[in-house]
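The listed protein sequences derive, respectively, from chains U and S.
Heads up: take any position in the first sequence, counting from 1, add 65, and you land on the working numbering.
Heads up: take any position in the second sequence, counting from 1, add 3, and you land on the working numbering.
Do not take every clue at face value.
Stated by the list, open to error - DSSO-like, lysine-lysine: derived pairs with alpha carbons at most 27 Å apart:
1) LYS81(S) - LYS176(U)
2) LYS81(S) - LYS138(U)
3) LYS45(S) - LYS60(S)
4) LYS176(U) - LYS81(U)
5) LYS81(U) - LYS81(S)
6) LYS81(S) - LYS45(S)
7) LYS45(S) - LYS86(S)
8) LYS68(U) - LYS60(S)
9) LYS135(U) - LYS86(S)
10) LYS138(U) - LYS176(U)
Quick caveat, the hints were computed from the structure, so don't treat them as lab data.
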Amino acid sequence: AQKITQTQPGMFVQEKEAVTLDCTYDTSDPSYGLFWYKQPSSGEMIFLIYQGSYDQQNATEGRYSLNFQKARKSANLVISASQLGDSAMYFCAMSPRGGGYQKVTFGTGTKLQVIP
Amino acid sequence: EPEVTQTPSHQVTQMGQEVILRCVPISNHLYFYWYRQILGQKVEFLVSFYNNEISEKSEIFDDQFSVERPDGSNFTLKIRSTKLEDSAMYFCASSAWDVPGETQYFGPGTRLLVL
């Protein structure tokens, strides 16, 4: 079984500042993927970034980067230069690798509010 | 950019009625999923579907639920006799084996309200 823990129910960040959203995970799968999704108030689920458990480098996608520390089982999301449009719920998620049709397990989310 | 679409965006129904939620996955994706999110709670896996059959289902996905791919583009979730506790946002997702991590891309969701 896989488990995702997000310990920050809510976070505030000043516009243009960087923010780190915490995520720890637990799994017995030898190979897995870690994901972050953004859910604005409108409700849709937007994929942000992916990190494979065997990837040597931390993933980056524009202003998003994933700080992957495998030994600590953490996969924190870093958002640089925060914008007002970044205000949303952020979900950390994971799935086993291989097989194609693996279910994604989500954390409880962190609500980020960007302050002007 | 290709995206998953879902209809309707909102659905209100009476308890005991049947509802069908529709999804059009990304065209070259072969793996399809349904998830639900009860208001204020985390996203929960319901079912995965590949090659015209269910690959995996959760304990939530009981006999009142069914999925179908009636044609080459649509993927549906049917709830046979809705209960109050079925009120939630329902997300369809799709993925492909050749995308990094087989990342699942989600549709905008259908908000279901059971009265």
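Has the given pair, LYS68(U) with LYS60(S), been kept, meaning a C-alpha gap of at most 27 Å? With Cα atoms ~17 Å apart, LYS68(U) and LYS60(S) stay inside 27 Å; holds.
Restraint status (C-alpha distance of LYS81(S) to LYS45(S) at most 27 Å): At roughly 22 Å apart (the allowed maximum being 27 Å), LYS45(S) and LYS81(S) satisfy the hint.
Given the hint that LYS135(U) pairs with LYS86(S), test it: the Cα-Cα distance must not exceed 27 Å. Status violated; Cα separation ~42 Å.
If you draw a straight line from the CA of LYS45(S) to the CA of LYS86(S), is it 27 Å or shorter? Holds. LYS45(S) to LYS86(S) sits at ~20 Å (cutoff 27 Å).
Mind checking the alpha carbons of LYS45(S) and LYS60(S) for me, to see if they're no more than 27 Å apart? Holds: LYS45(S) and LYS60(S) sit about 17 Å apart, inside 27 Å.
Hey, LYS81(S) versus LYS176(U), does the alpha-carbon distance stay inside 27 Å? 31 Å, violated
Is LYS81(U) within 27 Å of LYS81(S), Cα to Cα? Given that 27 Å is the threshold and the Cα spacing comes to 45 Å, the pair is violated.
Given the hint that LYS138(U) pairs with LYS176(U), does the C-alpha gap stay at or below 27 Å? At roughly 22 Å apart (the allowed maximum being 27 Å), LYS176(U) and LYS138(U) satisfy the hint.
Restraint status (C-alpha distance of LYS176(U) to LYS81(U) at most 27 Å): With Cα atoms ~17 Å apart, LYS176(U) and LYS81(U) stay inside 27 Å; holds.
Check the hint pairing LYS81(S) with LYS138(U) against an upper bound of 27 Å on the C-alpha distance. With a Cα-Cα distance of about 38 Å, the restraint between LYS81(S) and LYS138(U) is violated, given a limit of 27 Å.
Hints 1, 2, 5 and 9 from the earlier list are contradicted by this structure; the remaining hints agree with it.
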